[in-house]
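A.B. asks: Letter by letter, the chains look like this.
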Amino acid sequence: MIMVLRKTVLFSILVLFFLVALSIPSSAQSEGQLILQTGIQSFYNREPAFSPLIYSGERSLSTIAFSLKKLNRSDVFHINFGYGRTFNKFGGSMENLSAGLLTMTYYHKNKSAEKGLHWGWSNLNGFNWRSHNGFPNYSLRTDYFTAFGPALRHLLPFQWKKQQFQWTNNAYIHGVGFKIQSDFIGGEPRGFTQEDRNLVTKIWSSSDWFLLGKDWSMGYWSTLCWQLPSDNSLGFQYRLQLARVDGWQPVSRVASTYLLVLNVNLW
Amino acid sequence: MVKGHVRILCLSLLVISCEQWVISPDPENTPEQVFEYLWKDVNERYAFIEEKNLDWDRVARDYRPKIKQDMGQLELFDLLAEMLFELRDGHVNLTNSFNRSRNWEWFEGFPNNYNENIIQENYLRRDFWASGPLLNQELGEVLYVNYRSFSQTIADGNLQALMIRAQEKKGLIIDVRNNGGGSLRNAEKLASCFVEEDTEYASQRIKNGPGRNDFGPWESMVYSPREGLKYTGPILVLINRRSYSATTFFAQMMRVLPNVILVGDQTGGGGGTPAYGELPNGWSYRFSVTQTIDKDGKQLEDGVEPGIKVDMARQAEINGRDSIIDGAVNYLENL
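So the sequence lines, in the order shown, correspond to chains A and W.
Mapping of the first sequence onto the working numbering: residues 308 to 574, in sequence order.
Mapping of the second sequence onto the working numbering: residues 14 to 348, in sequence order.
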């Protein structure tokens with residue numbers, strides 16, 4: 308499991324660097340920003356393969372993100388990593404781990420990139436892993452989905468006591484994509500244990516549509532940032548994220564996160 | 014500017030209001046809800062309803078009227094335990110802070126065929142080797158090994174010591190009587206000492222849907238040889254009705270080898286791997302969610318039959334002897 312996580316994190320970092328590298332040739336017309344975030348997440352989840360009860364608790368969440376602002380569009384790539392232990396109301400516990408790559412693209416042709424309402428789209432690649440601490444067998448469950456949908460943001464720069472601030476609100480909802488999740492009882496996705504199949508065939512046969520209505524993935528983020536004299540900014544963010552992955556055992560999650568934010572201007 | 018904020022506010026309110034759609038509150042913790050949840054989960058996930066010809070709908074009809082809104086915790090526990098008892102499965106338990114229900118019919122009413130005091134005093138004696146959990150002693154030209162629980166982890170060094178000791182012997186006795194099981198990994202580790210190549214010993218399938226016959230495909234169960242010394246001489250594996258779960262699997266692993274004979278009574282079974290669950294009142298439970306069959310299609314849930322069926326002689330036991338071990342030593346020494 309640790310090896311898989313290491314690979315996932317490494318892969319995510321490589322993707323981020325690849326995206327940064329792609330953007331460098333056009334740096335003359337663009338602005339690049341590194342965004343570091345860390346904070347506490349109140350996490351609620353239900354895994355019916357384990358229990359009908361909600362498990363909740365505090366998790367740590369960290370994000371490294373890269374923002375690329377061009378004349379007509381802005382892209383933000385977030386790599387998230389969250390981990391923590393959750394409990395039911397009777398004291399049963401499980402470990403919860405999440406890793407994900409969230410991209411948001413906003414369009415602002417003939418508009419200011421610094422303020423106002425911008426429409427765009429978003430994609431989330433989310434991997435979730437949970438392990439029940441009281442179950443010796445069949446105690447691991449996972450799900451992964453990649454889904455696309457519309458995104459919206461509103462930027463409001465303002466001054467207060469001669470200091471520059473920016474209040475940003477983002478919202479997204481994912482409508483369509485693919486998902487792979489643990490089977491009815493076994494932790495592996497259906498068909499994954501069949502030895503006569505190669506990995507591609509296993510992934511293909513195990514994946515299913517992610518469709519809005521049956522499945523849900525949506526979020527609302529609100530960020531208040533204070534412009535530092537160095538032109539970087541420091542801020543605070545609240546995130547509300549909801550997800551439901553339908554299937555043999557439909558899992559659902561709600562996360563409220565409070566994050567400290569540091570935006571570093573790269574160019 | 015204000016319009017933009019209003020739109021964002023509307024969208025964020027929409028997101029917040031979706032919380033109830035995504036994650037509903039905990040189910041009610043009433044006796045009815047607890048009963049219904051447990052009955053339904055067994056109905057959908059238990060692997061042997063058809064195999065054991067259980068009328069689970071009849072169970073609901075019999076037990077549902079006994080559920081009362083004002084019944085106490087003890088009363089509810091006893092009723093649910095009684096309902097689960099109908100599954101006739103040693104891998105079924107209901108557990109809470111004050112009790113753990115169980116079904117021990119798989120060994121009750123059968124000869125014990127095992128006396129640990131006699132083994133300790135007259136066979137292992139004081140100078141036995143404790144190679145990890147593998148207690149072993151030389152009985153003439155035979156090495157006797159006693160393994161009491163597959164929950165006790167076997168290290169590779171333990172196996173190496175055992176293999177060195179076994180090399181010069183005419184035969185090996187592995188005594189897993191009264192071994193109630195544990196980890197299948199330990200069973201595979203021990204069996205890995207006695208094969209030269211990957212060995213298929215059974216097939217397993219898992220429930221993969223709520224229908225009573227919703228199962229995944231049968232998948233081969235295989236164990237592999239260990240690296241280093243192995244023993245391929247004659248082996249007798251001693252089993253009884255209290256050899257359960259991982260011990261039943263171990264007996265089956267050994268049964269497929271041509272140089273191995275199982276001796277004693279059939280194992281208690283336990284061929285289904287248990288999955289766990291929780292009830293709305295926080296109690297936990299487990300039951301079997303897989304089926305395992307041998308190469309002839311016989312369910313390991315019903316136990317593994319010995320090659321030589323023999324019970325312990327009562328008079329010998331009174332005289333401090335284990336007639337099954339004595340017979341096994343005699344058999345191996347005269348090969």
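None of these hints come from the bench; they were simulated from the model.
A couple of the hints might just be wrong.
Claimed, not checked - Here are the simulated lysine to any residue pairs, SDA-like style, with alpha carbons at most 25 Å apart:
id: 1; chain 1: W; residue 1: 53; chain 2: A; residue 2: 472
id: 2; chain 1: W; residue 1: 202; chain 2: W; residue 2: 246
id: 3; chain 1: A; residue 1: 396; chain 2: W; residue 2: 182
id: 4; chain 1: W; residue 1: 182; chain 2: W; residue 2: 224
id: 5; chain 1: A; residue 1: 521; chain 2: W; residue 2: 182
Stated by the list, open to error - Just the calculated beta-carbon pair ranges, DEER-fashion:
id: 6; chain 1: A; residue 1: 539; chain 2: W; residue 2: 41; range: 34 to 40 Å
id: 7; chain 1: W; residue 1: 87; chain 2: A; residue 2: 345; range: 47 to 53 Å
id: 8; chain 1: A; residue 1: 541; chain 2: W; residue 2: 223; range: 48 to 54 Å
id: 9; chain 1: A; residue 1: 398; chain 2: W; residue 2: 118; range: 30 to 36 Å
id: 10; chain 1: W; residue 1: 135; chain 2: A; residue 2: 365; range: 55 to 61 Å
id: 11; chain 1: A; residue 1: 511; chain 2: W; residue 2: 241; range: 50 to 56 Å
id: 12; chain 1: A; residue 1: 512; chain 2: W; residue 2: 87; range: 44 to 50 Å
id: 13; chain 1: A; residue 1: 563; chain 2: W; residue 2: 269; range: 53 to 59 Å
id: 14; chain 1: W; residue 1: 56; chain 2: A; residue 2: 379; range: 37 to 43 Å
id: 15; chain 1: A; residue 1: 400; chain 2: W; residue 2: 173; range: 37 to 43 Å
Keep in mind that this is a model prediction, so the values were computed, not measured.
For every residue, glycine included, the Cβ atom is placed at its ideal position computed from N, Cα and C.
A.B. asks: Give a verdict on every hint.
C.D. replies: Results of checking the hints against the structure:
no.: 1; hint: 53(W) - 472(A); result: violated, 56 Å
no.: 2; hint: 202(W) - 246(W); result: holds, 18 Å
no.: 3; hint: 396(A) - 182(W); result: violated, 58 Å
no.: 4; hint: 182(W) - 224(W); result: violated, 52 Å
no.: 5; hint: 521(A) - 182(W); result: violated, 65 Å
no.: 6; hint: 539(A) - 41(W): 34 to 40 Å; result: violated, 52 Å
no.: 7; hint: 87(W) - 345(A): 47 to 53 Å; result: holds, 49 Å
no.: 8; hint: 541(A) - 223(W): 48 to 54 Å; result: holds, 52 Å
no.: 9; hint: 398(A) - 118(W): 30 to 36 Å; result: holds, 32 Å
no.: 10; hint: 135(W) - 365(A): 55 to 61 Å; result: holds, 59 Å
no.: 11; hint: 511(A) - 241(W): 50 to 56 Å; result: violated, 41 Å
no.: 12; hint: 512(A) - 87(W): 44 to 50 Å; result: holds, 49 Å
no.: 13; hint: 563(A) - 269(W): 53 to 59 Å; result: holds, 55 Å
no.: 14; hint: 56(W) - 379(A): 37 to 43 Å; result: violated, 58 Å
no.: 15; hint: 400(A) - 173(W): 37 to 43 Å; result: holds, 38 Å
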